[in-house]
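Participant: Chains as they are written, first to last, in my numbering: chain A, 9 to 299; chain B, 9 to 299; chain C, 544 to 922; chain D, 544 to 922.
Read the hints as simulated data drawn from the structure, not as lab findings.
Since the structure is predicted, the reported quantities are computational estimates derived from the model, not experimental observations.
Where is the CB? At the ideal position from N, CA and C, for every residue including glycine.
One should not assume that every hint holds.
What the hints assert, rightly or not - Which stretches of chain C does chain A cover? Using the computed rule of at least three CB atoms under 8 Å from a CB of chain A, they are:
# : region
1 : 686-696
2 : 731-741
Said to hold, decoys possible - Selected chain A positions facing chain D (Cβ under 7 Å, derived; list incomplete):
# : residue
3 : T71
4 : N118
5 : G163
6 : Q245
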Amino acid sequence: MSILVNKNTKLVVQGMTGRDGSFHTAKMKEYGTNIVAGVSPGKGGQNVNGIPVFNTVEDAVKTTGANTSIIFVPAPLAGDAIMEAGDAGVELVICISEGVPTLDMVKATNYLKKKGVKLIGANCPGLITPDEALVGILPGNIFKKGNVGLMSRSGTLTYLMVSLLTQAGLGQSTCVGIGGDPVAGLYYQELLQMFQDDPETEAIVLIGEIGGDAEERAAQFIKDHVTKPVVAFIAGQSAPPGKRMGHAGAIISSGSGTAEEKIAAFEAIGVPVARLPIEIPLLIKKALKID
Amino acid sequence: MSILVNKNTKLVVQGMTGRDGSFHTAKMKEYGTNIVAGVSPGKGGQNVNGIPVFNTVEDAVKTTGANTSIIFVPAPLAGDAIMEAGDAGVELVICISEGVPTLDMVKATNYLKKKGVKLIGANCPGLITPDEALVGILPGNIFKKGNVGLMSRSGTLTYLMVSLLTQAGLGQSTCVGIGGDPVAGLYYQELLQMFQDDPETEAIVLIGEIGGDAEERAAQFIKDHVTKPVVAFIAGQSAPPGKRMGHAGAIISSGSGTAEEKIAAFEAIGVPVARLPIEIPLLIKKALKID
Amino acid sequence: MKIHEYQAKEIFSRYSIPVTKEIVCYSTDEVCAAAEKLGLPVVVKAQVLAGGRGKAGGVKLARTMDAAREAADQILGMDIKGYTVEKVLVAEGVKFNSEFYVGLTIDRNTKSVILMASAEGGVEIEEVAKDNPEAILKFPIDPDLGMSPFFARKIAFALFSDFSLVKQGADLFQKLYKIFLDTDASLVEINPLVVTDEGKLLALDGKMNFDDNALDRHPDIEALNEPTEDEKKELEAKDSGLTYIRLEGNIGCMVNGAGLAMASMDVIKHYGGNPANFLDIGGSSSPQKVIDAMNLLLSDKNVKVIMINIFGGITRCDDVAHGLVSALDQMKVDIPIVIRLSGTNAEEGLKIISDYNLPTVKSLSEAAQEAIRLVNQVN
Amino acid sequence: MKIHEYQAKEIFSRYSIPVTKEIVCYSTDEVCAAAEKLGLPVVVKAQVLAGGRGKAGGVKLARTMDAAREAADQILGMDIKGYTVEKVLVAEGVKFNSEFYVGLTIDRNTKSVILMASAEGGVEIEEVAKDNPEAILKFPIDPDLGMSPFFARKIAFALFSDFSLVKQGADLFQKLYKIFLDTDASLVEINPLVVTDEGKLLALDGKMNFDDNALDRHPDIEALNEPTEDEKKELEAKDSGLTYIRLEGNIGCMVNGAGLAMASMDVIKHYGGNPANFLDIGGSSSPQKVIDAMNLLLSDKNVKVIMINIFGGITRCDDVAHGLVSALDQMKVDIPIVIRLSGTNAEEGLKIISDYNLPTVKSLSEAAQEAIRLVNQVN
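Chain A with its partners taken away, still in its complex shape (with noise of 0.2 Å):
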């Protein structure tokens, strides 16, 4: 078990044959990644590296089956991708790239609630199972089965968490990152709810950030509905209010949205907060009376 992705999942990509998409194309099929389609308009009938290209996702569901897209193309047409996928029947989207409107996502993320179609993203570097799916843009190598589950609003800081994982021999159920956009798709709120549903998950790190509420609406369904361990870590502690780390979220504004608030709500609920990324391992070995 697991989540969202897994053995199961075939995959579509839209914008395959871009530079990103055909280079993480590449990366996704090597991890071993059902990849059934790619999408790419005025390509459709091509083959790129063994995978037949269509002109829409509707097209590449009805020929493949497939049940999941992950997106590449440039952000002013990645909120249509995301509707095209709804609207093409696709269980699941991830949107990686980078630099969406934020009204474009309030209007995707809308017309796929009404679709009953999950999204992730967009801006963020896609989820994985190890040994069963890679679905984004994550390093495949730094990952080890197990049963850890790992959500995270940031990239490389999720990796360095996973190698230092992976390193105390902590493996992973699932990896999910979230992206760190205003307005993005699956948040901490059902990932828990998830993670809490999966019977390998044992475990959980979220790894969060200044800006926004998310943490503290987390802590808050932690206590109400998760009964498995959560350790968390914030990135962001010694940064100054007003300005914006990067993430479009990762800013303080007056009075809300510090470390200081997240790691106090974490910790009023008795979910441990690491200092420094270093922590986690430890936490989690811990929590889960290991060693």
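Got chain A; can you put chains B, C and D on it based on the hints?
Facilitator: Then chains B, C and D, alone, in the frame of chain A:
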């Protein structure tokens, strides 16, 4: 039993203080309809003929538990009024207003569908369950409680039909005027299903008009889903092509929407079609094996 | 409301939809000047608010100046389905290698705007719909989503195989949908939409109808209205709260409600008579309205008998009777009137009428038969 | 992206939202002329892209010409949160009897635009949010429905009791939402929105922020941008694919990825050091990018040590190492560099670095500690 409105109907009247709204509110109240609230922005807190007036439908619903709304506001505001009712949480909306722009209705019907709220109209006379609730502008005195369900695209023609039925001793379960606009709420199919499911209704009268293919679709639906006897009348048998006969729908485009086609569609599935209004009660009696 | 081809194409142009270069002309001399300016060949097209211009001989290709002059002479002043041709559109002759149909309209069943497209352009779409319905692709448009780029592309891929045409088509569909919404249209149509020899999409013809109920919010569109004499009468009637459509018969009808009005005409026809009009006087019953209605009926010289059929619902029959009596007091009516009143306060109404020494009948069938009898007496 | 109050109010005006009569001035003389023209009293307001102008003394009421002159002298050239006041807005003094707050922004939780309104206008809304959260009404806007008239009215009834204000408010909310959509705003705010003595709603102040990701489709908005020197540096960095934010410390950081960059700063802080910047070099690793990044770091005179922390994911560590070595070949770097490479091809990368005779460390903690040690040596 009956469909859509009955003794449990708690009605809110949107536009109650306007000319038409106040006139018909009095008529409906006189008939015995349970009118619990009126809505007229800026007049909230007033009390008109014993009916409390609210500024918004939401206030009216929250305070009085209204479950049905009838709309008498001017046509340019009617689409928005329909959505206000849908947003406020009533189960059924009846829009009497005539001349509502079609694109407003596209938006409003789509919104109500998403909210799971039923709509009748716009540009319709409303509906009645005799002796229980009159929600519309139909003349209550011509109706009689009974077991004939009736649905119609027109107003006064319905009254004529109902009088003929009542004179013939044939009472009605519920009579619904669905309106003649290009985009409207509940249509033949939905109402046929409701009458089919209503234990009190034993026979159904369908009054159609030239234009469009609603009657042809109804015939197909009857064939597939309706076991109760249905009899029909089609107005506009003598109408020339290309002329709009009052209702936006009542226009024959070249080679389709003619009375002949509609009559043929019904007769092909064994639904008898009256050539003159006076024949309707006879066909019903025959269907119900009365006399 | 309908507008002319050249007006529709002017709107298209405002949205950067490619249309033929063309000039509206009101005389043969103007046509020749236009042909000179555009260069031969040109197409001369009657501008009337009726379909089937081509079949009626209202569209002619001219390869020479003489042919252009001849076409102008023939078409200007011609009658097409009761419309006199007062202006023609002179358009550049375009070489093309395929013709498509694209139209947007309202779909009652999905309750949305629907795009219809077909590779069988250039012919009347109703004929394609009848003979080869599969040749028409239909795409209902989700009102929340609108004509989003991916959706437009999906349609374009279904219609075109060349990717350049797909891109042009997707762009075109988005613009057409925007026009539809912006103007509260009820029909936006390009037929044919051609692919020129240069591989470009081009609107060779254009048609737009508008939602009459929304004209109030589009005064610019309303200003384009060019009603015929009959339509002016209908519009005047509408201003008085009446819906009037003139027909060919001799029994003038005055009825309350559109459905009942149609049914009344049907009953007249059923018994062998011929209604002179459709006239719905609506819900109110003021004397002025009845006077206006009577004036309308009497202004039609074909009308030999008037049949009044009122079903009092919210309308009270005594009110109508009062109105009718007042009307008759104020005007001279020298043809017979058959009156049928029924429903709310019918008894009171009938009494008023009979006190005025006018005959009444009891049912719609009786009214129709009596009207026919009186017409036959007159003839 | 932020714009000035006067620019926001110019946009409001274009949508017929009532704002105060006002004139932008760049000198004391202009202020006096404006006061003359508008009539006393006037309010002189610093136009800087920072909040808290009032508290900083950047807003003054002037009842006399002398007071206006004095206010202009005081405010022009003043420093507010690092911004020098180069222009002021001179606005008519308005009599009003109540103040409201209205703001539209993006709500992460409902994933929609949200309208916030409060009868406690005139103060910073964050303070109201903290002290009295119930005083702020929140209305998430259904993206499909938009700010429909009934919804706007619902909000207005919640905020105002007088029906004339309800109507004005509903109209205002619809316009504000249209502005938000039309400009891809991230914040549209009126604080305070006042009710004048004549019972009219009036925007006394205005604030607009925009979605940086959508600026490409709004060149007119982008043209209003007035970056400070620091922001210009950040924008230049962005053009090179770098995200750079200058801070106050002395350890220059170069990291790939925003989250890791923040975490790196956190670790430095944790061990008692002070990061000089946030610098995310993103996913690529061309030598040019590393050179640009090094130049950025070295242009900050406070930087005494550079700490490089790369986690190779898709980015390969050997590529980064090559880039760094090329960069160092091309430029003079006279401060120590602490390098930590990890992840994809870390071994190869580390070898390249050590062949170049640069020291490397094994973990982020070690890197931070080493950087701090080196800074302390320098000081």
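Participant: Please go over all the hints and tell whether each is borne out by the structure.
Facilitator: Hint-by-hint comparison with the structure:
no., hint, verdict
1, 686-696, "holds (count 7)"
2, 731-741, "violated (count 0)"
3, T71, "30 Å, violated"
4, N118, "5 Å, holds"
5, G163, "5 Å, holds"
6, Q245, "4 Å, holds"
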